[in-house]
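Q: Protein sequence lines correspond, in order, to chains X and S. Taking my numbering, the leading residue of the first sequence gets 5, the next gets one more, and so forth. Taking my numbering, the leading residue of the second sequence gets 291, the next gets one more, and so forth.
Please keep in mind that the hints were generated in silico from the structure rather than gathered at the bench. Any given hint could turn out to be false.
Claimed, not checked - Here are the simulated EDC-like pairs of lysine to aspartate or glutamate, each with C-alpha atoms no more than 16 angstroms apart in a straight line:
(1) K212/X x D168/X
(2) K327/X x D168/X
(3) K301/X x E319/X
(4) K371/X x E539/S
(5) K89/X x D68/X
(6) K394/X x D330/S
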Amino acid sequence: MSERRIGVYICHCGGNISDYVDVAEVRDAVADEPGVVHAETTMFACSDGAQHDMIQKIQDEHLDGLVVASCSPKLHLFTFRGVSKRAGLNPYQYTQVNIREQDSWAHGGDPVGATRKAIGLVRAGIAKTGASVPLDPIGVDTTARALVVGGGIAGLRAAIGLADLGLGVALVEREAQLGGWVARFGPMFPHERSGHDLIEDLVAEVRKRSSITVFTRAELVGKSGSFGNYSAELRVTSPDGGEPETVRTEVGAIVIATGFDTYQPEAGEYGYGIEGVLTLAEFKALVDTTPGPLHYKDRPVRTIAYIYCVGNRQEGGNAYCSKYCCSAAVHESIQVSDHDVSARQYHLYRDIRTYGRYELMYEESRKRGSVYMKFPDDTPPSVERGKDGKLLVTTVDALTGGERVSLEADLVVLVTGMVPRQNSSLTDLLKLPLGSDGFYNEIHPKLRPVETVVDGVMIAGACQGPKTSSESVASGLAAVTQCGGMLMRGTAELDPLVATVNAEACTACGECEEACPYGAIHRVTNGEGEVMTIDATACKGCGGCAPYCPEDAIDLLGNTDEQIRGMIDNLLEAGVA
Amino acid sequence: MTPLIADEVHVESPEAAVAPPSVRLDPDLLSDIKRFGAADVSACFSCGNCTAICPLSDGDGTFPRRMIRYAQLGMKDALISSKELWSCYHCGTCSDSCPTQADPAGFMAAARRYAIASYDRTRLARTLSTRAVLGTIIALALAAFFALFMYASHGVERASRLALFDFIPERLIHLTGVVVMSLVALAALVGVASMVAGIARREGVRFRDVLGGPGAWGRSLRALWLALGIEALGQRRYRNDCGEAAEAEPLYRRRWLIHALTLWGFLGLFLATILDYGLALIGVKATGTPVPIWYPVRLLGTVAGAAMVYGATLLIWNRLRRANVTASQSQFSDWLLLALVWVTGVTGFAIEVALYLPHPPTWGYWVFLVHVAVAIELVLLLPFTKLAHAIYRPVALFFHALAGTRTAESN
């Protein structure tokens, strides 16, 4: 007989479960399982009242294990781990059994079968908890210093924010100058301050803070260590072309703010390559550097045609919307009219996305006489050079009768968006996840917007996807907050559900070391010879190493072989597996 | 989406050969129309509220929105070849419901002025619509010219009775009239031809659709009746669809009626003048022979004159007190036409009163001189002032009716 004292709760989930699964029958079937001292059904296990009763029962009955059969662990694993913790029970001795998504919802047409499956799943859960041992979170001392990769507007603002929290900062910039794209910009929306001035202010703030170390002409080329304690290897090129220097710096977290590239049209794409056909970036540079009415190659520019969505929202290419380019182009058109009220500006667009307050710029540009012409998705405009040397843009205006119309322009602006910057060595080094668009991916777009699946590595700014500079700064500051949460206490807790090596069985064959995708397994020499050891702070508990071990010497805490076997046996017994 | 690749040297592909030629946009069109009094339609974002609420924009008619769009883009030919431009009676409902205060009704009126100027080969219509001071000088100078021209050949001012044609020779008046009307007919013909060519091309109406064979003739005559009889003279849609948006005005103040009275009066006076000349030609009654007030031609003239003066007076009164959306904005061309019509009508009545006074007053001769000069000016300026709508609107209405009969047959 087991000596365990396990409590089992079977949830009705209103009727989501109990309409198809006979929860009373499940309770009766498992009440006499070995180690079970208490079994009951409950209408909503997650309700406050039920949680309160559970805590009471755990304490009164001195339970040492808890099983709740309800919904997916994605919903309530942490709820009932919390219940266990509050009741004084080790949270890792709690097992969540999913009899809703994986049973009642899936087998609504077969109540008898669903009930039988529930019995099997609950018995397996009881077996898992029955074989569980108390586990403690892994405590890690963290280094109070962060590495920021990229000295654009997001990286600069993040560095200042981190320093203001009291953390040390290593700021790494590949170019010779800090500032990235924004440093080259003239007036920017919505406040018309020049990008150059904004960056100058930020760089001055960076210089004021002695806790920020700036490395320019530098790249992150190596990373070792584990969560909370990384050792970063930087290669710093000397300005005089001498031998690059390697610098090592210890950091607790890394913020990646490597920015974007602009889309570069193919030759001939909307006439790109013809003189007078410019990308948005080239046009902005022209507007920023031309005093007074716009001139191009010493000729006055009276008529401008903008073609939107170039390089974006294309099937088989960049399917995404870069979302900043409409506002940026509209803003430029207002600047053009600031210097020349009579300039004629035609905007050929698919959709105008000047969201939020930028809508006001769109209104302003229309008020100043900009003409907006929507072309159908399947009829993009074309650009050619006319016989007289003028640019001839032909399009269809969806708001008239579908006539093809053409206009003569002095300048054609291809409103190009953002593309991911080619940083494959950095991506490979940090094992950063890429989304389908090629930008770095966060864990969750709403709830964990700056964290990546790589612990301690945050993303900020346009390396994550197209952003305006204000959105970039906001995400940089979000990364600051996240770093603060990890590093300010000096210690961090990690889940103890990691792999361990039974040193007595290990023959140090090294199979596991090769299998580990996180570099968490190393060979060490102890008193009796060589064994493999697993760094608990680097291990993600994926279990990838265990099947490679010929000696069966690796076990996964929280999912031990004994636990898994017990679950399988019970499922087989119930005829479910 | 596949981006189009265009080489520097344009190679005509087979598809390009069959695709209709693209319309070259005129970037100055909108600013030009603004000179004709259009409000700033840059504010228009093509929501289509105006089209939705317009009582006349039915079927595939998408005005005023599309007209504004043509102007915004610079599609000049499409704009001045749109028969829809002339459907509108300027009720102002669209301007009331415009969310951006772009004043579509005011735009339509300005676009019509622009179209009149575009059909005109001289620059007179453009000057009279866009330059108030110069226009006023031209109008006064013309009147003075005709007055002096007539006065140069003046005869005696009899005191016993008001012998107007002893003062200004009847032959001179008739001859001047014939010359002026011939000039007007020529200018109108040029304008109408240019308008018809544009609309026909735009509507896809070919010569044989209008005059090729008995079926086409039948359709065309029917369309002509609908355009001239039912709509231009009968004012059916003006009466039924373009009524006052707010609480109904009493009948005698309704827009359609005062417009119709002015129109009918004008035509009645024109007819009376022609008849009087005709009676003289066939020797029934020499011009200037005293007749009683009930004499048919005189009676026609009196009634028609009363109608025209009543209508013109109310039109002026409405504009002065900005009685409705339409009358709230007045351009020089509005005042010019109303002034010419009103002066012609009022001087005519003054002469009639003078004729029947027991002691003919001498001012009758001078009023007569003014009357003749202004009336001739009114006719001469017909293709160049707002009055040109009297020739262009029926043309547009004809194409409207034609499109209607063609649709009806194809259904």
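Q: If a hint holds in the structure, say so; if it doesn't, say that too.
A: Consistency of the hints with the structure:
1. K212/X x D168/X: OK: K212/X and D168/X at ~11 angstroms, within 16 angstroms.
2. K327/X x D168/X: Violated, because 31 angstroms separates the two Cα atoms, which is more than 16 angstroms.
3. K301/X x E319/X: The hint is violated at about 35 angstroms.
4. K371/X x E539/S: violated, 37 angstroms
5. K89/X x D68/X: Satisfied, since the Cα-Cα distance of roughly 12 angstroms is no more than 16 angstroms.
6. K394/X x D330/S: violated, 29 angstroms
Violated hints for the displayed structure, listed by number in ascending order: 2, 3, 4 and 6.
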